[in-house]
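A.B. asks: These are the residues of each chain, in order.
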Amino acid sequence: MGDKQAIRAGLRRLVPLAILLGMILLLVPLGHLGDIVLERRVILALLNLVAVVGLYIFMGNSGVLTFSAVGFMAIGAYTSALTTLRPMMKQTFLPDLPHWLAVLELSALSGTLLAGGVAAAVAAVVGWPLMRLSGIAAAIATLSLLIIAYIGLGNWTAVTGGQTSLMGLSTWVKLWPAALWACAAVTVAFVYQETRWALCLRATREDEVAARASGLRPVPLRLIAFVLSAFVSGVAGALYGHFLGTLRVESFYLDSTFLFLTMLVVGGKRSLTGAVVGTLAISLLTEVLRLLEVGVAVGKVNLSAPNGIGDVILAAVMLIILIFRPQGITGGREIGQVTGSSRKEIP
Amino acid sequence: MGNLLQILVDALSLGGLYALTALGIGLIFSVMRLANFAHAEFITCAAYALFALSGSPLVMSLSAAVVVAVTLAILTERVAFRPLRDADQATMLISSFAVSVFLQKVLIFAVGSRAKPVDPIPALAQTFMIGGVQIGVLKIVTILTCAVLLLALLFILKRTRYGLQMRAAAEDFTMSRLVGVRADAVIALAFLLSGILAAVVAVLYTAQTGFVQPRLGVQIVIMAFVATVIGGLGNLWGVVAGGLLVGMGSSLLQAFLPPDLRPFREAILFLGVILILLFRPNGLFPSRGLKERI
Numbered sequence: 001m002g003d004k005q006a007i008r009a010g011l012r013r014l015v016p017l018a019i020l021l022g023m024i025l026l027l028v029p030l031g032h033l034g035d036i037v038l039e040r041r042v043i044l045a046l047l048n049l050v051a052v053v054g055l056y057i058f059m060g061n062s063g064v065l066t067f068s069a070v071g072f073m074a075i076g077a078y079t080s081a082l083t084t085l086r087p088m089m090k091q092t093f094l095p096d097l098p099h100w101l102a103v104l105e106l107s108a109l110s111g112t113l114l115a116g117g118v119a120a121a122v123a124a125v126v127g128w129p130l131m132r133l134s135g136i137a138a139a140i141a142t143l144s145l146l147i148i149a150y151i152g153l154g155n156w157t158a159v160t161g162g163q164t165s166l167m168g169l170s171t172w173v174k175l176w177p178a179a180l181w182a183c184a185a186v187t188v189a190f191v192y193q194e195t196r197w198a199l200c201l202r203a204t205r206e207d208e209v210a211a212r213a214s215g216l217r218p219v220p221l222r223l224i225a226f227v228l229s230a231f232v233s234g235v236a237g238a239l240y241g242h243f244l245g246t247l248r249v250e251s252f253y254l255d256s257t258f259l260f261l262t263m264l265v266v267g268g269k270r271s272l273t274g275a276v277v278g279t280l281a282i283s284l285l286t287e288v289l290r291l292l293e294v295g296v297a298v299g300k301v302n303l304s305a306p307n308g309i310g311d312v313i314l315a316a317v318m319l320i321i322l323i324f325r326p327q328g329i330t331g332g333r334e335i336g337q338v339t340g341s342s343r344k345e346i347p
Numbered sequence: 001m002g003n004l005l006q007i008l009v010d011a012l013s014l015g016g017l018y019a020l021t022a023l024g025i026g027l028i029f030s031v032m033r034l035a036n037f038a039h040a041e042f043i044t045c046a047a048y049a050l051f052a053l054s055g056s057p058l059v060m061s062l063s064a065a066v067v068v069a070v071t072l073a074i075l076t077e078r079v080a081f082r083p084l085r086d087a088d089q090a091t092m093l094i095s096s097f098a099v100s101v102f103l104q105k106v107l108i109f110a111v112g113s114r115a116k117p118v119d120p121i122p123a124l125a126q127t128f129m130i131g132g133v134q135i136g137v138l139k140i141v142t143i144l145t146c147a148v149l150l151l152a153l154l155f156i157l158k159r160t161r162y163g164l165q166m167r168a169a170a171e172d173f174t175m176s177r178l179v180g181v182r183a184d185a186v187i188a189l190a191f192l193l194s195g196i197l198a199a200v201v202a203v204l205y206t207a208q209t210g211f212v213q214p215r216l217g218v219q220i221v222i223m224a225f226v227a228t229v230i231g232g233l234g235n236l237w238g239v240v241a242g243g244l245l246v247g248m249g250s251s252l253l254q255a256f257l258p259p260d261l262r263p264f265r266e267a268i269l270f271l272g273v274i275l276i277l278l279f280r281p282n283g284l285f286p287s288r289g290l291k292e293r294i
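Just so you know, the sequences run in chain order A and B. Its first residue numbered 1, the first sequence is counted upward by one per residue in my numbering. Its first residue numbered 1, the second sequence is counted upward by one per residue in my numbering.
Any given hint could turn out to be false.
[As the list claims (entries may be wrong)] Cross-link-like lysine to any residue pairs, in silico, SDA-like; alpha carbons within 25 Å at most: (1) B:K116 - A:P306; (2) A:K174 - A:I309; (3) B:K116 - A:Q163; (4) B:K116 - A:I309; (5) B:K116 - A:D311; (6) B:K116 - A:D255; (7) B:K116 - A:K174; (8) B:K116 - A:L254.
The set of hints was computed from the structure by calculation and includes no laboratory data.
With the hints as constraints, model all of the structure from the sequences given.
C.D. replies: Written out as structure tokens, the structure reads:
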């Protein structure tokens with residue numbers, strides 16, 4: 001009897017994960033319904049989801065603001081590109097590569113995992129000292145990291161091609177791979193946040209002093225989340241590269257940082273559901289705005305919004321949600337969480 | 001020797017610009033704990049005001065720049081930041097980021113993203129010689145303006161009633177409200193001063209670079225932002241020192257780095273920033289009021 005209850009309780013804990021994975025998989029038939037443009041938009045939304053989940057793993061659980069996630073995406077993207085490009089292509093575009101890298105040609109899967117691994121390794125090295133910081137100092141330090149990654153990759157011409165685009169990546173990221181990787185990212189984040197480490201980290205988020213007094217050490221706890229978050233971000237970067245087929249350092253800077261932060265904050269930065277809901281909501285909104293810019297045929301008249309208004313509305317929505325609902329759409333709750341819903345949330 | 005003088009003038013004028021920008025951010029931070037990223041757009045919009053009135057008399061274009069920046073500053077405070085006054089620092093930072101992006105997108109929407117030429121004060125383009133070295137009038141004017149503004153601000157803060165109230169609010173906001181400081185007025189004043197500083201930076205910066213574009217403010221503000229943090233948020237002198245430090249550091253790195261490494265100049269600078277933060281998380285000159293009490 002006791003066993004059964006324990007199993008049932010264990011299964012019940014998985015309900016939020018099941019619902020989230022269901023939501024993601026529902027996007028696949030949606031992508032098949034429409035034209036090629038819609039399909040690409042769905043894939044992009046799924047990839048954004050991987051990136052936002054990467055951001056969430058650290059920011060959501062630790063409560064520390066970070067700007068460096070996009071930098072780790074850039075590291076992942078270039079790692080995967082450099083290790084999976086055909087040696088012939090590398091000779092044309094990057095003649096100055098070191099020999100061992102120039103002849104290396106990994107499979108898509110190992111290239112993607114390596115992308116996450118390299119990003120995680122960098123995060124482990126730079127994160128160890130940085131994890132002591134919180135608040136504004138952490139924000140500025142991680143912003144500095146992002147800028148260093150941007151300038152470093154943008155000027156390291158021998159390896160990254162510098163300011164020119166890196167072309168010729170194999171474009172294997174279609175609808176199904178994107179959906180599966182998104183599911184994998186959500187699963188990783190979910191399993192992590194059910195672990196002891198994540199619960200302890202959330203305790204330091206709610207009240208750092210009380211958590212310290214209870215014997216928790218924030219630095220190693222944060223570092224675990226930071227490294228895992230960098231791994232997922234690195235994978236997200238690699239997926240972007242193999243979706244677009246070309247890489248530019250410009251795509252991994254302030255604009256995308258703002259987009260991912262928007263998605264996470266709009267959804268609710270304190271729950272995984274928030275990350276998923278926020279990404280889907282903002283993706284839907286951008287899609288609607290794009291359609292409006294293209295124009296809607298009403299009868300014989302083609303109504304279209306002026307170009308560029310989409311970005312303005314997007315930023316305005318972000319601002320309005322922040323002002324009226326600082327905890328985001330989900331308010332920090334997980335979807336379908338039976339035990340959590342009756343309990344009062346700590347603000 | 002002569003070369004050294006030129007490098008020093010360059011370093012001081014860039015440092016002064018960053019110090020003024022950092023001061024605009026620091027003023028607001030010290031009264032309401034908001035790290036205001038949208039300061040960038042105060043500068044950009046003032047610069048566009050200069051562009052719009054570039055044919056007209058100097059007085060008109062300069063006062064238009066000030067009016068635009070101040071109006072924008074007070075408006076954003078009222079609409080976006082006042083409702084969030086009690087939110088945590090991270091939420092406020094993200095919201096100022098959102099305001100910044102919003103204004104930037106509106107600008108791009110309204111005027112396009114291409115850079116446009118502007119020359120707010122043509123007279124400043126002249127140069128003169130000191131000891132065989134050519135020095136731009138603009139550089140000297142920049143340094144002098146920064147010095148005068150810093151002194152003026154010091155006077156306001158130390159010698160007037162409003163300055164006293166602002167310093168009290170910076171020290172302990174709740175306590176100062178309890179003894180009768182009007183919070184809304186003090187915050188509005190901080191935004192007003194910050195808007196004026198932004199307008200001045202816009203004039204000096206566009207005079208140096210000669211063009212306006214929607215991302216103009218962001219470049220300065222990222223540096224100034226970093227400067228306020230390493231100087232010590234909440235401490236105005238620390239903020240000025242941070243601005244000078246970052247500007248001079250950037251300028252000196254440009255002058256003395258070997259050419260191969262020059263593209264990485266900012267990366268090196270930001271590495272220094274991270275190092276400073278690691279050893280002094282509250283900045284080089286931390287303010288006393290910043291420490292959280294339990």
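A.B. asks: The structure should be examined with respect to each hint, and the outcome stated for every one.
C.D. replies: Cross-check of the supplied hints:
1. B:K116 - A:P306: holds (22 Å)
2. A:K174 - A:I309: Violated, at about 29 Å.
3. B:K116 - A:Q163: holds (23 Å)
4. B:K116 - A:I309: holds (21 Å)
5. B:K116 - A:D311: holds (22 Å)
6. B:K116 - A:D255: holds (22 Å)
7. B:K116 - A:K174: violated (41 Å)
8. B:K116 - A:L254: holds (23 Å)
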